[in-house]
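Asker: Residue numbers (my numbering), protein chains in the order written: chain A, 2 to 228; chain B, 3 to 250; chain C, -15 to 212.
Think of the hints as simulated: they come from the structure by calculation, not from any bench.
Everything numeric in this text was worked out from a predicted model, so none of it was measured.
A hint or two may mislead.
Derived BS3-like pairs (lysine-lysine); straight-line CA-CA distance at most 30 Å [unchecked claim]: (1) B:K34 with A:K223; (2) B:K149 with B:K207; (3) C:K30 with B:K34; (4) B:K149 with C:K63; (5) B:K34 with B:K207.
Some chain C residues judged to face chain A by a derived CB distance under 10 Å, without partners named [claimed, not checked]: (6) V0; (7) R146; (8) F190; (9) L192; (10) A202.
Using N, Cα and C, we set each Cβ at its ideal position, and we do this for glycine too.
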Amino acid sequence: MKKLLSAPALFAGAGIFLIVGLLLAFWWAPTDASSMGFSQKIFFYHAPIAETALVAFGVAFVAAIAYLRTQDLRWDRLGYVSIRLGLLFSVLVMLTGMIWGKAAWDTWWAWEPRLTTFLLVCFLYVAYWVLRSVVDEEQRRATYAAVFAIIAFIDVPITFFATRFLPEGLHPVVIQAGDSGMEGRMLTSFLISMLGMTLLLAALIRRDLEIEDLRDRVTDLKTSLGG
Amino acid sequence: MSDSPDRRDGAPPLEIEVEGLRKTFARREVLKGLSFSLGRGGFLSIFGPNGAGKTTTLRVLATLLTASGGSVRVAGHDVREDPMPVRRAIGFISHNPMLYPDLTAQENLRFYADMYGVEDRDARITGLLERLELSHRRHDVVRTYSKGMRQRLAIARAILHRPRVLLLDEPHSGLDPRAVDILDGLLQEIRDEHTFVMVTHNIAKGLEWGTDLMIIESGRIAYEHAAGVDHDSFSAVYREHVHDGSVL
Amino acid sequence: MSGWTQFRAILRKDLVRELRTRDMLVSMILFVLLAMVIFHYAFSVKEGADLTYFTGGMLWVTFIFAMLLGLNRSFAQEKDEHCLDGLLLCPVDRVTIFLAKTAGNLVFLLIIQAVAVPVFTLFFIERNYAGDLLPFLVVLLLADVGICALGTLLATISMNTRSRDLLLPILFLPLIVPVLIAATGATTLIFAEGAGFGDLLARLLFLLGFDAVFLVAAWGTYDFAIGE
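Between the sequences and the hints, there should be enough to build the whole structure, so can you do that?
Answerer: See below:
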């Protein structure tokens, strides 16, 4: 089991699923019937990246609670590794979303629920990093980061809800995702991509945790050598 | 002092029990496994160089800091599991008076009295202010007080709720002679029925009051002894361990 | 001694302190009034520009930024005089401290709003919205609670860091956006077209939900935020 969860194995698994998903998406699933046509294909990556980013923040949320209960810094490490990756994925979501928007509706930006939620998500989790950077003491930094990670994650669905359901008066361009009524080949390709992306996240978390562990050990060695 | 748990009959119950106390700050171990205890009515004088961990130890006893390891019991309760009864039982005097400068002496004391649930609040406050010779200034904001007066008011704050254990962090430092006299007088008055832990650089005071003496150095207990050590031999031991400009 | 007595003691202490020095209140009120003047000049590029649909936004932006100033101030003194230690030494539930501090901040915000709203109405509102005053006040109160609860929690954290004043806005602003959306929507509607409880129901319920969720979240995490 441990072998199965190791970074190389996870990367391999992720790779397989993502490539298969890619092939299926382009050659097997039917082209979208709506006006979006071929550019709709980006959705097979855009949405999984989005879901995976949220999964990453969810992992950080659980890790934060675990840290507050146990005071074990390894949970803190899982937290910031997940958030770092989640932030990366969120930026990708916005970029792919913008590309899609340009291709399909000829506009780089629109103040619509998904893009704005992810924009705020980026700000939120960058704030998490700023917070970490201004606390010098380890345990306290982990504690504050955990509190903020919990608050931030709770705010994400609330923000999405607000941007989606509270009318702002001026009605923005509502971009249909086409995710309702996905069936058959489309759904299968989509789910395979989803699984691939989630495995990729797991692999990256795993590898990052290993890197952070090495980094700490180097620091400890340096200190003990009088560095 | 560092007695085994089973005490003989007649020996006072343990008011402070510290076992393997460790504290880490940013990967640096500040306290490396302290173990000591103090019976009720005892007076522990803690000496040591700056940065040794004396104030850290005191703050852990006061529930202001959580230990990284080990167990600490004050007034019969574990400071981590059960901090509330500990807080009710302790008074803390440090060189920070912990008084609100824009409130009057009376307002400050009333606030703390309410926070501690002191029942005879007004009578207690009036009595303490008189004892500390601050009655004439009770309606002045603390911002207008001299350092000595603030320290006196801080003492009132600390003993307002009649705590069983008093933790003192260099209480004599920066005080004028009058304030020192008042402080000593007060300590003498409440000496019985109370347990004290005092961190100090003032050897004379530490020896005068202490029933138990301890030197902490680099997060460890470097020396401990029950009272009865004369000033000179203690000074010699002290000089061995402490190299900064303490008052000998 | 009950939590309620302690709550009142902390609240009274903060109110007396502030009313005596008036540092925070005066600065915040001046800031708010100045901001309104600035807004006028910032937005009136075109002759006779109609700002009606901007009014909700202007008002809440002003309050949020004023609150950021005030929150920093309210904790700075506790920290500087080490009074926070004195407070933490007391046998008081950390949550009681949170609620008392939030209540204090809420009172200050309400005082500022009591001054700011009439002046704002004078400067920017043409419609007589007296008929919708009650819904307006409810919106005000619900949004205020969210702002104060979240702000107090975050200020507690940020005051213990290196860049106290600068950090708070960065943490606070992304989190408060949902409140901003709901409050400005409701307020603009009231100022521009008039709205009763029916029209505002979705937003009011949303604010109520937001407040409830974050009060609970702060309840659970405040112990960690304030301890050492």
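Asker: With reference to the structure, classify each hint as holding or not holding.
Answerer: Cross-check of the supplied hints:
With a C-alpha separation of about 21 Å, the suggested pair K34 of chain B and K223 of chain A falls inside the 30 Å cut-off, and the hint holds. Distance hint between K149 of chain B and K207 of chain B is fulfilled; the C-alpha atoms sit about 20 Å from each other, no more than 30 Å. Among the hinted pairs, K30 of chain C with K34 of chain B is inconsistent with the structure: their alpha-carbon atoms are about 71 Å apart, more than 30 Å. Under the criterion of a C-alpha separation no larger than 30 Å, the hint pairing K149 of chain B with K63 of chain C is consistent with the structure, at around 19 Å.
A C-alpha spacing of about 27 Å is found between K34 of chain B and K207 of chain B, which places the hinted pair at or below 30 Å, so the restraint holds. Proximity of V0 of chain C to chain A is violated relative to the hint, the smallest CB-CB distance being about 30 Å (cut-off 10 Å). With a least beta-carbon distance of about 4 Å to chain A, the hint placing R146 of chain C at the interface is held under the 10 Å criterion. For F190 of chain C, the interface hint holds, since its Cβ comes within 10 Å of a Cβ in chain A; the closest pair sits about 6 Å apart.
Interface hint status for L192 of chain C: violated, as the beta-carbon distance to the closest one in chain A is roughly 12 Å, over 10 Å. Against a cut-off of 10 Å between C-beta atoms, the interface hint on A202 of chain C holds, since the closest Cβ of chain A lies about 8 Å away.
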